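Q: With chain A fixed as given, assemble chain B onto it according to the hints.
2 protein chains.
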Amino acid sequence: MSHVTGDMASDLSKRGTFIADSHSFLMKYGAQAIHNPYDEKNNPKGIVSMGMAENKLMEDILFERLSQPDMHGMSRDMLYYFKFSGTRDFRVSLANFITERFGTTRSVEPDNVMVVNGCGSALEQVASAVADPGEYLLCPSPYYSMVKFDCNIRGQVDCFDIPLTSQQENGKVRPFQLTLEDVEKAYQDATGQGLVVKGIFLLNPSNPTGDVYSPELLMDILLFAKRHQLHVIADEIYALSVFDSETQFCSVLALPNLPDPDKTHVLWGFSKDFALSGFRCGTIISSNKKLKTFIDNIAYYQCTPVLLQNMMRIMISDKKWLDSTYFPMNRQRMREMFTFVTNELEDLGIKCHPSKAAFFVWANFSPFMSEKTREEEMQLFQKLFAAGVYIIPGTELFCVDPGWFRVLFSLQKPYLQEGLKRLRSVLVRGI
Amino acid sequence: MSHVTGDMASDLSKRGTFIADSHSFLMKYGAQAIHNPYDEKNNPKGIVSMGMAENKLMEDILFERLSQPDMHGMSRDMLYYFKFSGTRDFRVSLANFITERFGTTRSVEPDNVMVVNGCGSALEQVASAVADPGEYLLCPSPYYSMVKFDCNIRGQVDCFDIPLTSQQENGKVRPFQLTLEDVEKAYQDATGQGLVVKGIFLLNPSNPTGDVYSPELLMDILLFAKRHQLHVIADEIYALSVFDSETQFCSVLALPNLPDPDKTHVLWGFSKDFALSGFRCGTIISSNKKLKTFIDNIAYYQCTPVLLQNMMRIMISDKKWLDSTYFPMNRQRMREMFTFVTNELEDLGIKCHPSKAAFFVWANFSPFMSEKTREEEMQLFQKLFAAGVYIIPGTELFCVDPGWFRVLFSLQKPYLQEGLKRLRSVLVRGI
Numbered sequence: 001m002s003h004v005t006g007d008m009a010s011d012l013s014k015r016g017t018f019i020a021d022s023h024s025f026l027m028k029y030g031a032q033a034i035h036n037p038y039d040e041k042n043n044p045k046g047i048v049s050m051g052m053a054e055n056k057l058m059e060d061i062l063f064e065r066l067s068q069p070d071m072h073g074m075s076r077d078m079l080y081y082f083k084f085s086g087t088r089d090f091r092v093s094l095a096n097f098i099t100e101r102f103g104t105t106r107s108v109e110p111d112n113v114m115v116v117n118g119c120g121s122a123l124e125q126v127a128s129a130v131a132d133p134g135e136y137l138l139c140p141s142p143y144y145s146m147v148k149f150d151c152n153i154r155g156q157v158d159c160f161d162i163p164l165t166s167q168q169e170n171g172k173v174r175p176f177q178l179t180l181e182d183v184e185k186a187y188q189d190a191t192g193q194g195l196v197v198k199g200i201f202l203l204n205p206s207n208p209t210g211d212v213y214s215p216e217l218l219m220d221i222l223l224f225a226k227r228h229q230l231h232v233i234a235d236e237i238y239a240l241s242v243f244d245s246e247t248q249f250c251s252v253l254a255l256p257n258l259p260d261p262d263k264t265h266v267l268w269g270f271s272k273d274f275a276l277s278g279f280r281c282g283t284i285i286s287s288n289k290k291l292k293t294f295i296d297n298i299a300y301y302q303c304t305p306v307l308l309q310n311m312m313r314i315m316i317s318d319k320k321w322l323d324s325t326y327f328p329m330n331r332q333r334m335r336e337m338f339t340f341v342t343n344e345l346e347d348l349g350i351k352c353h354p355s356k357a358a359f360f361v362w363a364n365f366s367p368f369m370s371e372k373t374r375e376e377e378m379q380l381f382q383k384l385f386a387a388g389v390y391i392i393p394g395t396e397l398f399c400v401d402p403g404w405f406r407v408l409f410s411l412q413k414p415y416l417q418e419g420l421k422r423l424r425s426v427l428v429r430g431i
Numbered sequence: 001m002s003h004v005t006g007d008m009a010s011d012l013s014k015r016g017t018f019i020a021d022s023h024s025f026l027m028k029y030g031a032q033a034i035h036n037p038y039d040e041k042n043n044p045k046g047i048v049s050m051g052m053a054e055n056k057l058m059e060d061i062l063f064e065r066l067s068q069p070d071m072h073g074m075s076r077d078m079l080y081y082f083k084f085s086g087t088r089d090f091r092v093s094l095a096n097f098i099t100e101r102f103g104t105t106r107s108v109e110p111d112n113v114m115v116v117n118g119c120g121s122a123l124e125q126v127a128s129a130v131a132d133p134g135e136y137l138l139c140p141s142p143y144y145s146m147v148k149f150d151c152n153i154r155g156q157v158d159c160f161d162i163p164l165t166s167q168q169e170n171g172k173v174r175p176f177q178l179t180l181e182d183v184e185k186a187y188q189d190a191t192g193q194g195l196v197v198k199g200i201f202l203l204n205p206s207n208p209t210g211d212v213y214s215p216e217l218l219m220d221i222l223l224f225a226k227r228h229q230l231h232v233i234a235d236e237i238y239a240l241s242v243f244d245s246e247t248q249f250c251s252v253l254a255l256p257n258l259p260d261p262d263k264t265h266v267l268w269g270f271s272k273d274f275a276l277s278g279f280r281c282g283t284i285i286s287s288n289k290k291l292k293t294f295i296d297n298i299a300y301y302q303c304t305p306v307l308l309q310n311m312m313r314i315m316i317s318d319k320k321w322l323d324s325t326y327f328p329m330n331r332q333r334m335r336e337m338f339t340f341v342t343n344e345l346e347d348l349g350i351k352c353h354p355s356k357a358a359f360f361v362w363a364n365f366s367p368f369m370s371e372k373t374r375e376e377e378m379q380l381f382q383k384l385f386a387a388g389v390y391i392i393p394g395t396e397l398f399c400v401d402p403g404w405f406r407v408l409f410s411l412q413k414p415y416l417q418e419g420l421k422r423l424r425s426v427l428v429r430g431i
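Protein sequences, first through last, are from chains A and B.
The opening position of the first sequence corresponds to residue 1 in the working numbering, with each subsequent residue numbered one higher.
The opening position of the second sequence corresponds to residue 1 in the working numbering, with each subsequent residue numbered one higher.
So here's chain A without its partners, still in its complex pose (with noise of 0.2 Å):
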């Protein structure tokens, strides 16, 4: 009876309770992270993040630039209610910056972007729009293990893995190749389980991974979707983090045609690609009619308010500055700390997959674990934790290969290397 008056007294309904309930391991080392953040003077023994996907590379050129009198410019219009789904200019401003960026075979048009909070809030959206509750999306993994919590949390979508190992058979050039083999695979194994399959979810390019599909797996993907009447949602997030200076990144935008154009939703948005996290802002692009009328008829609840897109719309629309310093310098500086954290990994004995974009090293620990388990992976995790060093280990982004950890590189260089010294110590000394 005191059990039942217990639960009487929080009583939420079902869904609420599932939903406080739920877990999430980014979500709870993170917290963490933010909670006890490492600072050499102030918090010593603080926690050094090398997890959330945060680039702060850019701090000093993008608060030179946001800190620029034309970002004061505050209007009366910003107090009061506005156009939900994006104001006109920041969508005028933004279908010319993807047109231009993503270098896309026709014009975007304004109509067809709409401005949410923040790509997860994106997904979320994009995902109920396509699937019920009990349905899925094709994922390819090891992916960002968000994905799922941003799909499943209200949605009650759910994520079928299409799974890649740093084996290279069936001719695969590359470990965690993704092929069309390998959606074709999923699919049949998730149909053949009597599941609903609604869509395939492509980030691209990829997290944790580092990898840029090609234009030719990419057509391949979308003429698959086409045949089995898939949605594709092209999580693009990453598009202009290509630090990797032979690779093209090819957006689906940017093929020739699209197969399903009201079928092909594309995500992209300002928290990677201009490392401004904090300003909570996503874009969905997409010109499926009823897509869009779905968007403005709950963009009041997801909204990124006009004052924040004001200054986004004045950055996105200074080509000088893009071009001869925040795209040239974020390239530069990324290669640098990806090659210094590559470096000392592969000096410690820890292969590093050749990434091409994002903000990862995605390095392969197993030589550190006596078995290649997943129990020995989060033992080793824990390990790190303890010594206040925060890195992602790949079972939790959902890798069949134990032994992967996601390493954020696109941090300052003296905060990585306090990061590197507290891994070495773990891994060479065992504290």
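Some clues are possibly wrong.
All copies of an identical chain are treated as equivalent in the list; a pair is satisfied when it fits inside any one copy or across any two copies.
[Claimed, not checked] Listed below are the simulated DSS-like cross-link pairs for lysine-lysine, each with C-alpha atoms no more than 30 Å apart in a straight line: (1) Lys185 x Lys83; (2) Lys45 x Lys226; (3) Lys83 x Lys289; (4) Lys14 x Lys226.
Quick caveat, the hints were computed from the structure, so don't treat them as lab data.
Nothing here was measured: the structure is a model prediction, and the numbers come from that model.
A: Chain B only, in chain A's frame:
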């Protein structure tokens, strides 16, 4: 077959289709008013909106405050992820502000104040936390109809009306008066129909009537809720917009003892009392631990960026400005405009409700209808809208008594004059 193809073209999920096909009177006409706004010089044929609940009387004072140099204090942490349910600093300020301004019995704990992007989002979240799809909240009508939309659009929670009328029966001393008997009767009616009632939604001060509930009535309702294990969602978004100098607002937080604190949740925000609907900031005040975990788990999707949290924090901490400028000026200007619009309408033979708070004159237009029916009311609305003035017909706010309209008065006088001129023209001269 072409119909199937037609459907397949957009092919959203059942849920996606439901949301895309949802309609809201306020959103439809609100969007038209935003799209074609009256401006004496630039758009003299545009719509004079006396429909959308915004306070534009404080624009000069707010704008001046928000333009002061202390508001430009951007810091580097604003670029990055933060505690999504509100930064510590902002929560502390909010807790102090609410404790002081709402006259709470005990100090509000910063941990019990959660920040979300607007009160609509706050309601959406709390409603779905306390009720499952198909379950009900009791709601005194007339009420701001977006309440139903907020509960229903994604959460599938419905409202069961507690109908109030202008008739003063059963010992009521005021038209549209809410009594405990009304609540009890609605509860019996709903449960008698086999419906599952999970809570009571109480908009206090009321929108549209501008009534302020007495401490005794509030306590009676809270005790009733406790007896029936119902949650109470007290939406106090107009708490500090009481313009009648004789009237004292009482928050449920100011009651000597909450009968069931774990099931009592207060909503408040910046859109109305601070006339900052564009900043998208609402708060949920609750000590229910499970609800707090629920909010934390989805706060990422509906947060307010730190840059704006910081501006609002500075504003609500500026006691001198609040006490000597903002609140007294706001009350005075509201009083003036309420009196002005009321007098103008009474002059036309339209009786007005003696509102005490919020932004509306609740006015009986039935002398201008040949019959007291919803159809006649909507015809009158359409005539007025065609003449370029937007006011809300009461039956769209679930008023059971046709003929009432909600007329916004919290606007600049010349703007109101133009709107009243158009009203008069239709009502008196029929054009």
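Q: Next step is simple, just say for each hint if it's right about the structure.
A: These are the hints, each one checked on the structure:
1. Lys185 x Lys83: Neither: 43 Å inside a copy, 40 Å across copies.
2. Lys45 x Lys226: Neither: 53 Å inside a copy, 48 Å across copies.
3. Lys83 x Lys289: within (17 Å within a copy, 35 Å between copies)
4. Lys14 x Lys226: Between copies only: 20 Å across chains, 37 Å inside a chain, cut-off 30 Å.
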